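Engineer: Build out the structure end to end from the sequences listed, making use of the hints.
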Amino acid sequence: MVSVQNALITSVPEFIQYGSIVAFDSPLMYVDYVSEKMKLASKALKDLSLDFHEPEGGLYFFPKVSSDSFDSEDFSYKLLKEAGVALAPGSSFGPYEKYFRLCFSIEDEKLLTAIQKIGEYLP
1 MVSVQNALIT SVPEFIQYGS IVAFDSPLMY VDYVSEKMKL ASKALKDLSL DFHEPEGGLY
61 FFPKVSSDSF DSEDFSYKLL KEAGVALAPG SSFGPYEKYF RLCFSIEDEK LLTAIQKIGE
121 YLP
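One point on numbering: in the UniProt record's numbering, the residue at position 108 of the sequence shown is 108, and numbering is uninterrupted.
One or more hints might be untrue.
Each computed EDC-like pair below joins lysine to aspartate or glutamate, with the alpha-carbon atoms no more than 16 Å apart [what the hints assert, rightly or not]:
no., residue 1, residue 2
1, Lys37, Glu56
2, Lys39, Glu56
3, Lys46, Glu120
4, Lys64, Glu97
5, Lys37, Glu97
6, Lys64, Glu54
7, Lys64, Asp74
8, Lys110, Glu36
9, Lys98, Glu56
10, Lys39, Glu107
11, Lys98, Glu73
12, Lys37, Glu54
13, Lys98, Asp68
14, Lys64, Asp47
15, Lys78, Glu120
16, Lys81, Glu120
17, Lys39, Glu120
Derived Cβ-Cβ restraints for the label pairs, each shown as a range [to be verified]:
no., residue 1, residue 2, range
18, Glu120, Glu14, 46 to 52 Å
19, Asp47, Ser105, 16 to 22 Å
20, Asp68, Tyr18, 50 to 56 Å
21, Pro95, Ser35, 28 to 34 Å
22, Pro95, Gln17, 39 to 45 Å
Because the hints were derived from the structure by calculation, they are not lab data. Because the structure is a prediction, the values reported are computed rather than measured. The beta-carbon is built from N, C-alpha and C at its ideal position, and this holds for glycine as well.
Structural biologist: Below you can see the structure in the form of structure tokens.
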């Protein structure tokens with residue numbers, strides 16, 4: 001059991017090593033892919049008149065909702081239960097009750113549908 005533990009902790013599996021070779025050979029392709037998804041999500045979020053900054057390196061938006069009645073936990077819970085859209089409430093990251101976190105690394109159609117549903121549930 002100790003040898004298995006040592007192999008898992010100290011050695012990177014061979015298939016992951018081969019995967020990293022492919023990743024290092026085509027980093028620009030991935031950057032372009034992520035950039036296009038970010039632009040798509042950014043446009044859709046702007047159409048909802050949300051206040052946000054475009055991410056410079058992550059896969060998440062962190063929009064602010066200006067409505068006084070907005071509560072990120074209630075909003076995220078209701079959106080998940082009723083519309084099947086998972087968001088992280090801003091309050092999970094500190095005093096950000098008026099924010100939510102949206103990951104944009106999903107299929108374009110699902111992303112646009114999710115943002116449309118977000119718009120339908122905004123106060």
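Engineer: Take the hints in turn and mark each one as holding or not.
Structural biologist: Evaluated hints:
1. Lys37 x Glu56: holds (13 Å)
2. Lys39 x Glu56: holds (12 Å)
3. Lys46 x Glu120: Given that 16 Å is the threshold and the Cα spacing comes to 14 Å, the pair holds.
4. Lys64 x Glu97: At roughly 9 Å apart (the allowed maximum being 16 Å), Glu97 and Lys64 satisfy the hint.
5. Lys37 x Glu97: Not OK: Lys37 and Glu97 at ~26 Å, beyond 16 Å, violated.
6. Lys64 x Glu54: holds (12 Å)
7. Lys64 x Asp74: Measuring from Cα to Cα gives roughly 15 Å; hence the hint holds.
8. Lys110 x Glu36: Roughly 15 Å separates the two Cα atoms, so the pair holds.
9. Lys98 x Glu56: At roughly 21 Å apart (the allowed maximum being 16 Å), Glu56 and Lys98 break the hint.
10. Lys39 x Glu107: Holds. Lys39 to Glu107 sits at ~13 Å (cutoff 16 Å).
11. Lys98 x Glu73: Between Lys98 and Glu73 the Cα gap is close to 9 Å, so the pair holds against 16 Å.
12. Lys37 x Glu54: Status holds; Cα separation ~11 Å.
13. Lys98 x Asp68: At roughly 8 Å apart (the allowed maximum being 16 Å), Asp68 and Lys98 satisfy the hint.
14. Lys64 x Asp47: Holds - the C-alpha atoms of Asp47 and Lys64 are around 14 Å apart, at most 16 Å.
15. Lys78 x Glu120: Roughly 12 Å separates the two Cα atoms, so the pair holds.
16. Lys81 x Glu120: Roughly 14 Å separates the two Cα atoms, so the pair holds.
17. Lys39 x Glu120: violated (21 Å)
18. Glu120 x Glu14: 46 to 52 Å: Given range 46 to 52 Å: holds, Cβ gap about 47 Å.
19. Asp47 x Ser105: 16 to 22 Å: Because 20 Å falls inside the window, the suggested range holds.
20. Asp68 x Tyr18: 50 to 56 Å: Hint holds: Cβ distance 53 Å, inside 50 to 56 Å.
21. Pro95 x Ser35: 28 to 34 Å: About 31 Å separates the Cβ atoms of Pro95 and Ser35, which means 28 to 34 Å holds.
22. Pro95 x Gln17: 39 to 45 Å: holds (42 Å)
Checked against the numbered hints listed earlier, the structure breaks hints 5, 9, 17; every other hint is satisfied.
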